[in-house]
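There are 2 protein chains.
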Amino acid sequence: MREKIVEMGRKARDAAHLMAKADSTRKRDALERMAVTLEREAGSIGEANRLDVEAAVGRGLPGAKVDRLIISEKVLKEMASGLREVAMLPDPVGEVTRMWTRPNGLRVGRMRIPLGVIGIVYESRPNVTVDAAALCIKAGNAVILRGGSEAFHSNTRLAEILRESLAGAGLPADAVQFVDTTDRQAVLDLLGLEDYVDVMIPRGGEDLIRFVVQNARMPVLKHYKGVCHVYVDLDADIDMAKKICLNAKVQRPGVCNAMETLLVHEGVAGAFLPVAAAAFRDAGVELRGCEKTRALVPDCIPATEADWYAEYLDLILAVRVVPDMDEAIRHITRYGSQHTEAIVTENFERAHRFIQEVQSSLVLVNASTRFNDGFQLGLGAEIGISTSRLHAFGPMGVEELTTTKFIAFGNGQLRS
Amino acid sequence: MREKIVEMGRKARDAAHLMAKADSTRKRDALERMAVTLEREAGSIGEANRLDVEAAVGRGLPGAKVDRLIISEKVLKEMASGLREVAMLPDPVGEVTRMWTRPNGLRVGRMRIPLGVIGIVYESRPNVTVDAAALCIKAGNAVILRGGSEAFHSNTRLAEILRESLAGAGLPADAVQFVDTTDRQAVLDLLGLEDYVDVMIPRGGEDLIRFVVQNARMPVLKHYKGVCHVYVDLDADIDMAKKICLNAKVQRPGVCNAMETLLVHEGVAGAFLPVAAAAFRDAGVELRGCEKTRALVPDCIPATEADWYAEYLDLILAVRVVPDMDEAIRHITRYGSQHTEAIVTENFERAHRFIQEVQSSLVLVNASTRFNDGFQLGLGAEIGISTSRLHAFGPMGVEELTTTKFIAFGNGQLRS
Numbered sequence: 023m024r025e026k027i028v029e030m031g032r033k034a035r036d037a038a039h040l041m042a043k044a045d046s047t048r049k050r051d052a053l054e055r056m057a058v059t060l061e062r063e064a065g066s067i068g069e070a071n072r073l074d075v076e077a078a079v080g081r082g083l084p085g086a087k088v089d090r091l092i093i094s095e096k097v098l099k100e101m102a103s104g105l106r107e108v109a110m111l112p113d114p115v116g117e118v119t120r121m122w123t124r125p126n127g128l129r130v131g132r133m134r135i136p137l138g139v140i141g142i143v144y145e146s147r148p149n150v151t152v153d154a155a156a157l158c159i160k161a162g163n164a165v166i167l168r169g170g171s172e173a174f175h176s177n178t179r180l181a182e183i184l185r186e187s188l189a190g191a192g193l194p195a196d197a198v199q200f201v202d203t204t205d206r207q208a209v210l211d212l213l214g215l216e217d218y219v220d221v222m223i224p225r226g227g228e229d230l231i232r233f234v235v236q237n238a239r240m241p242v243l244k245h246y247k248g249v250c251h252v253y254v255d256l257d258a259d260i261d262m263a264k265k266i267c268l269n270a271k272v273q274r275p276g277v278c279n280a281m282e283t284l285l286v287h288e289g290v291a292g293a294f295l296p297v298a299a300a301a302f303r304d305a306g307v308e309l310r311g312c313e314k315t316r317a318l319v320p321d322c323i324p325a326t327e328a329d330w331y332a333e334y335l336d337l338i339l340a341v342r343v344v345p346d347m348d349e350a351i352r353h354i355t356r357y358g359s360q361h362t363e364a365i366v367t368e369n370f371e372r373a374h375r376f377i378q379e380v381q382s383s384l385v386l387v388n389a390s391t392r393f394n395d396g397f398q399l400g401l402g403a404e405i406g407i408s409t410s411r412l413h414a415f416g417p418m419g420v421e422e423l424t425t426t427k428f429i430a431f432g433n434g435q436l437r438s
Numbered sequence: 023m024r025e026k027i028v029e030m031g032r033k034a035r036d037a038a039h040l041m042a043k044a045d046s047t048r049k050r051d052a053l054e055r056m057a058v059t060l061e062r063e064a065g066s067i068g069e070a071n072r073l074d075v076e077a078a079v080g081r082g083l084p085g086a087k088v089d090r091l092i093i094s095e096k097v098l099k100e101m102a103s104g105l106r107e108v109a110m111l112p113d114p115v116g117e118v119t120r121m122w123t124r125p126n127g128l129r130v131g132r133m134r135i136p137l138g139v140i141g142i143v144y145e146s147r148p149n150v151t152v153d154a155a156a157l158c159i160k161a162g163n164a165v166i167l168r169g170g171s172e173a174f175h176s177n178t179r180l181a182e183i184l185r186e187s188l189a190g191a192g193l194p195a196d197a198v199q200f201v202d203t204t205d206r207q208a209v210l211d212l213l214g215l216e217d218y219v220d221v222m223i224p225r226g227g228e229d230l231i232r233f234v235v236q237n238a239r240m241p242v243l244k245h246y247k248g249v250c251h252v253y254v255d256l257d258a259d260i261d262m263a264k265k266i267c268l269n270a271k272v273q274r275p276g277v278c279n280a281m282e283t284l285l286v287h288e289g290v291a292g293a294f295l296p297v298a299a300a301a302f303r304d305a306g307v308e309l310r311g312c313e314k315t316r317a318l319v320p321d322c323i324p325a326t327e328a329d330w331y332a333e334y335l336d337l338i339l340a341v342r343v344v345p346d347m348d349e350a351i352r353h354i355t356r357y358g359s360q361h362t363e364a365i366v367t368e369n370f371e372r373a374h375r376f377i378q379e380v381q382s383s384l385v386l387v388n389a390s391t392r393f394n395d396g397f398q399l400g401l402g403a404e405i406g407i408s409t410s411r412l413h414a415f416g417p418m419g420v421e422e423l424t425t426t427k428f429i430a431f432g433n434g435q436l437r438s
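Top line first, the protein sequences correspond to chains L and C.
So for the first sequence, our numbering puts the first residue at 23; every next one is plus one.
So for the second sequence, our numbering puts the first residue at 23; every next one is plus one.
Simulated from the structure, these hints should not be mistaken for laboratory data.
Errors might be hidden in some of the hints.
Since the list gives no way to pick one copy over another, a pair counts as held whenever it fits inside one copy or between any two copies.
With a cut-off of at most 20 Å between alpha-carbon atoms, the simulated SDA-like pairs for lysine to any residue come out as follows [said to hold, decoys possible]:
hint: 1; residue 1: 33; residue 2: 185
hint: 2; residue 1: 264; residue 2: 304
hint: 3; residue 1: 427; residue 2: 119
hint: 4; residue 1: 33; residue 2: 23
hint: 5; residue 1: 43; residue 2: 205
hint: 6; residue 1: 427; residue 2: 379
hint: 7; residue 1: 87; residue 2: 97
Keep in mind that this is a model prediction, so the values were computed, not measured.
With these hints in hand, go ahead and build the complete structure from the sequences.
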């Protein structure tokens with residue numbers, strides 16, 4: 023097993039060298055071919071997918087998990103249109119982000135280059151195979167994919183199509199490799215490939231991510247969880263605050279950028295909380311509040327210390343009344359996950375201070391936490407969200423799959 | 023031990039929160055106080071240093087190692103002037119590197135913030151204590167320092183001065199903490215502090231760096247070694263090539279950006295190599311060459327495969343004649359360390375292709391490899407050179423000790 027994985031690493035490294043100098047047209051061509059072939063191969067993809075779905079049903083997997091596996095016509099269309107969108111993004115490679123001249127005449131700059139070889143370890147959804155590979159290719163990288171065993175047949179077929187499309191565009195098929203075994207040892211071997219894999223990006227639940235971080239010898243870009251806060255300030259527009267909080271909690275409660283804790287300035291709590299609580303009640307949200315919250319919202323369940331740390335991913339919300347913004351920031355610093363925090367306020371000074379002092383991957387004024395997403399923020403696409411501070415902090419698009427090297431043009435400069 | 027290190031981590035995290043919002047004036051003040059106090063405390067620093075030096079001599083450490091330990095008047099002056107230079111650098115924190123508006127009116131930007139808590143593990147030179155801490159402070163971070171046991175008394179005294187100066191400027195003393203034990207277990211405990219330390223930067227020999235990489239749970243910024251190449255192209259200016267090669271090899275042979283392998287286009291080898299060999303001979307450089315090199319330079323020692331991988335850090339140079347630039351690039355890719363490579367050529371197309379295709383942290387045209395250094399490239403200062411591609415690739419200055427968070431200003435935007 024180890025030898026096979028090392029061989030994949032070697033091939034990926036060779037492919038990465040070719041990808042790094044591949045021109046934009048060829049990369050775009052490969053991505054467009056992938057989209058066309060996915061649509062044309064709907065039949066064979068469907069067959070492979072059926073094997074996975076039947077096996078999942080046979081093993082009695084819960085309905086929600088089976089749903090995630092299914093490559094419906096709609097899912098296939100989304101994959102193809104995702105590929106076409108990535109194809110049309112500007113090519114980040116070769117951009118010289120800055121250039122300056124030294125006193126000795128040496129002209130120094132920083133040029134954007136691919137990261138090299140990217141490893142993706144993910145769970146059930148087979149669309150990750152296509153979406154993640156597309157971004158890696160666009161940024162000139164090679165990628166080694168290791169999907170969940172439930173989607174094994176689907177992923178294998180999808181990876182074949184991606185590889186054929188690369189070859190068809192004159193690019194190395196090995197720029198996309200799929201670990202075609204469900205043996206768990208293969209993941210460990212992959213995580214040990216520090217000489218071949220430049221970065222590992224795990225996609226999935228906290229357990230998977232912790233496993234990758236514990237075992238990876240190379241850097242890992244990841245977030246464990248999103249305990250996101252909205253702070254409703256003394257000078258909040260009550261109606262706006264209600265709408266933002268409702269959107270942040272209920273628009274899609276099962277995702278990492280949904281609000282998990284609501285913090286309310288005590289001066290506005292009396293006016294805001296009963297109104298908000300009614301709206302949450304209508305939306306089926308269970309509230310768990312501090313003493314002051316419960317005084318204003320009688321049917322609210324008492325919150326325990328554990329609630330402040332909780333990522334419910336469900337229609338449950340922790341609520342705390344705070345004496346001022348500083349206490350709100352202290353709460354966020356102590357219990358938060360550095361993912362996404364928003365303030366609702368009409369006060370200029372506090373809006374700016376919140377932006378400065380809260381060190382989360384996205385900090386918003388007067389907008390929903392649900393905007394922490396590569397598409398929503400305008401990166402064009404997203405391979406994941408990082409709450410590691412190294413290299414990338416927040417949603418990662420094509421640019422985050424690159425680095426910069428220094429370049430220098432001289433005419434004989436020597437060091438004295 | 024572990025509890026003590028965890029407590030340091032906790033204090034560093036708290037200090038980092040305060041440092042992140044410290045204004046530029048206060049940080050500059052702290053750095054200037056450090057410079058003044060170092061000069062004023064020359065006596066007490068000298069006493070502490072004497073203990074280390076005497077112990078080193080007593081244990082029979084080699085002269086070069088003892089030299090590195092000594093805080094001479096000159097070394098102390100350099101530390102102080104280094105602090106003043108860092109004090110005067112622009113503050114990177116708070117810079118908004120880009121800002122754009124989304125179709126829904128949300129204004130999105132990226133704001134530069136400190137990395138958080140930085141760990142530095144280093145060997146003998148006590149000046150690293152001051153230089154590294156200064157850069158971390160400037161970028162708004164907290165730092166935990168673990169120096170070599172040989173410099174224990176010196177480092178302890180220097181760290182005390184840094185801490186007093188921080189407090190004097192109204193900043194948390196715990197923004198600089200020194201692990202005041204020579205117990206090796208303390209390093210392992212520090213490397214396990216993933217929840218408190220955002221990044222580890224090892225400074226020293228390859229063994230130390232490998233130890234840190236093997237044991238660190240957090241990301242590590244590092245380079246193992248510098249096997250740097252100069253490629254003398256067919257269209258090189260022979261005289262310029264000779265000067266650049268001589269500078270790259272002999273100006274300071276013991277450092278990571280010195281040339282270790284010279285690659286020469288076969289069409290220019292006859293004109294260049296005898297001239298260059300004479301110059302190297304005069305400078306006391308031992309040449310180890312391929313067959314073709316030896317045909318042109320008769321007294322050259324035959325090179326073995328191991329020579330192409332070697333980082334001599336000495337007056338030894340491997341020399342290989344190549345049929346063309348593509349073979350030179352293949353050689354660099356196969357044997358190099360992605361540190362620094364230069365081409366000498368007057369040919370426009372090849373100069374640009376070399377810059378594009380060689381993926382090292384610094385790629386130069388017509389200049390010495392010795393320029394891969396934060397000061398030389400204009401970063402103002404340097405905490406080390408990274409050949410990891412994540413986060414930083416090349417010399418790391420103040421900016422590389424920061425990251426960016428996303429910020430967004432809205433007026434009630436909701437996700438639909």
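For each hint, the structure was consulted:
| no. | hint | verdict |
| --- | --- | --- |
| 1 | 33 - 185 | within (13 Å within a copy, 50 Å between copies) |
| 2 | 264 - 304 | within (13 Å within a copy, 80 Å between copies) |
| 3 | 427 - 119 | both (10 Å within a copy, 19 Å between copies) |
| 4 | 33 - 23 | within (15 Å within a copy, 44 Å between copies) |
| 5 | 43 - 205 | neither (34 Å within a copy, 48 Å between copies) |
| 6 | 427 - 379 | between (31 Å within a copy, 11 Å between copies) |
| 7 | 87 - 97 | within (15 Å within a copy, 64 Å between copies) |
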